[in-house]
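Q: The residues making up each chain are set out below.
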Amino acid sequence: MTLSLFLVQTLNGLQFGILLFFIAAGLTLVFGVMDFINLAHGVQYMIGAYLAAMFTALTGNFFFGLMLALPSALLFGLLLEFLIFRHLYARDHLDQVLATFGIIIFLNQAVKVVWGAAPLSVPVPEVLSGTVVLMDGLLYPVYRLALIGSGLAIALLLYILVSYTRIGMLVRAGASNAPMVSALGVDISRLFMVVFGFGAMLAGFAGAMVAPILSVEPGMGDNLLILTFVVIVIGGIGSIRGAFIAALLVGLVDTLGRIFGPFLLRLIMDPSAASQTGRALAPMLIYILMAAVLFFRPAGLFPVRK
Amino acid sequence: MTPLPQSPAAVETRLPATRAGFMRREWLPIMLFVLLALLPFAAMLGPEKYTLSLVTRVMIFALAAISLDLILGYGALVSFGHAAFLGIGGYAVGILAAHGVQDAALQVPVALLASGLFALLTGAISLRTKGVYFIMITLAFGQMAFFFAVSLSAYGGDDGLTLASRSKLFGLAWLENDRFFYALVLALLIGCYALTRAIVASRFGRVIRGAKENPVRMEAVGFSPFRYQLAAYVIAGMICGLAGVLLANQAEFVAPAYMAWQRSGELIVMVILGGLGSLHGAIIGAAAFLLLEEILSGYTEHWKLIFGPFLVLVVLFARGGLLGLLARVRGKDRADG
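Protein chains in written order, with this note's numbering: chain Z, 746 to 1051; chain H, 3 to 339.
The hints are simulated quantities; they were obtained by calculation from the structure and are not laboratory data.
Here a beta-carbon is modelled for each residue, glycine too, at the ideal position from N, C-alpha and C.
Be aware that one or more of the hints could be misleading.
[Stated by the list, open to error] Per label pair, the in silico range of CB-to-CB distance:
1) M880/Z with T302/H: 19 to 27 Å
2) N968/Z with L327/H: 30 to 38 Å
3) G159/H with L1012/Z: 23 to 31 Å
4) A200/H with V939/Z: 47 to 55 Å
5) I192/H with A862/Z: 36 to 44 Å
6) M812/Z with I127/H: 23 to 31 Å
7) R1042/Z with L123/H: 16 to 24 Å
8) N922/Z with L108/H: 29 to 37 Å
9) L883/Z with L293/H: 56 to 64 Å
10) L115/H with F751/Z: 53 to 61 Å
11) K132/H with M880/Z: 47 to 55 Å
With these hints in hand, go ahead and build the complete structure from the sequences.
A: If you want it as structure tokens, here you go:
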């Protein structure tokens, strides 16, 4: 266990956390502002990845692909909102779970029909391929660094948007008391649509950005969705700041736990038992983290509603 | 102080307490069970093995769905990790069998104890939270159980564990007989249905329902809902653990996939699809879900393209699930006639 390994894994954890944040940001707003449980948020990430793969193959350039994928993901999200979701806002959470579960089932199958069941791969763009030397003996892929950089930039942008603009103010107000915002004369259904489309686009962006480093396949959003729910619950539903901190926390705990859990256990047990227990415990770590957070703070780290 | 209803009859006075009233209320579950009891005879005319195995599977999931409906429909406790109990029951069978303990007389108590303990532990923590946070924390515990099962490399890990045979019953291999197994599952389904019906009608069940409607008021009249909810959670977990024992025997296989969050989601879907908070709605929901899956997948490999929108349409246009739909159709009939 060396310093460089630790640094590489920390960067990996950071990158994973940022990916989670992209998806969690939209989900926590949709959840916080509209009180709407959208299980289909994970398939929007998958759709983003597929759109990026398709447009990249069509244009032959990842950046053009990304430019085309983003508005398409936005349009797709708005279409879903228009056709289905807006009829569900007034329903209880269970109806929302059932309907969005149906959408997951449909879309996971639909991408198989449209793009085939085999995973697609997207080449890493030429400009961002290769590695950089971060320190002696520490190489890191440029693309992953770019991912981290763009993630931090977008987080900053989102922070400014939510904290210092009128629409951001409405979103924050909506998260703490939506009926009151509506009573004050704000067209709440338009606000909902903006929030929803924005969330769908962010999830699509996350999908498009990871397309070059992960395989694009049906169901890729399912497990990530669950992790995203963990993130927004730890962060406190409706809180962008909470989602950001929780996403990084979950990303780091998950990545570092998988690598260093066995190392730490080796201090107290013999190597083979340590590696086995470590492997067993690592995937559970974030759920243990979440259960612990909820045990001490039943409404998450940064509760929005009082 | 508003007096609490004293006996089951107090609430159900809306319907006449006559034999005709009893039949009107109970015809659906009675017809369901009669249908299930007669089915093996009809099955002899066709592909018996296939029919029995399919319907046995339906009944096992109905049992799991009933247990979920007990806490979800009556207590509004949306457990998104209920499939964990299916897995615990299944693994109790699988692990004991791997060590040579094949008798259900021992496997079932161990399975019930294990699922009961898991429910007690996780329930005590989860019930501290409310609403969406409860959904998420039960999900977290379900995922923990899932990953724990994946890590059991001595028992197949990710791939699961194939059973050498079905469980013995007091040393005899009765469960190998599909007809006997069918009858046993049906008997257990009816037994658990009657048990849960008795529970929701009892004073205990009333407290659970009261806590769903208005927890503050329940505390004001002197109840602490937490203990009642925890007890209901444990009972539901144990019934679902029993379903897990049966599922492992039916498939002669256990795998972590039993506990996947998608499975928990499917259980919720079954309960809502049938109609929340009626218990027999859960049976109808499980049957509709599994039979539709079976029939549609017979027509096309892309059956999910039909099944997904079907769920959305049920939510948008059939409030109260299939049971609600049925009630509306019958109501219209009566209005017409």
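Q: Please write out, lowest number first, the hints stated earlier that are contradicted by the structure.
A: Violated: hints 1, 6, 8, 10.
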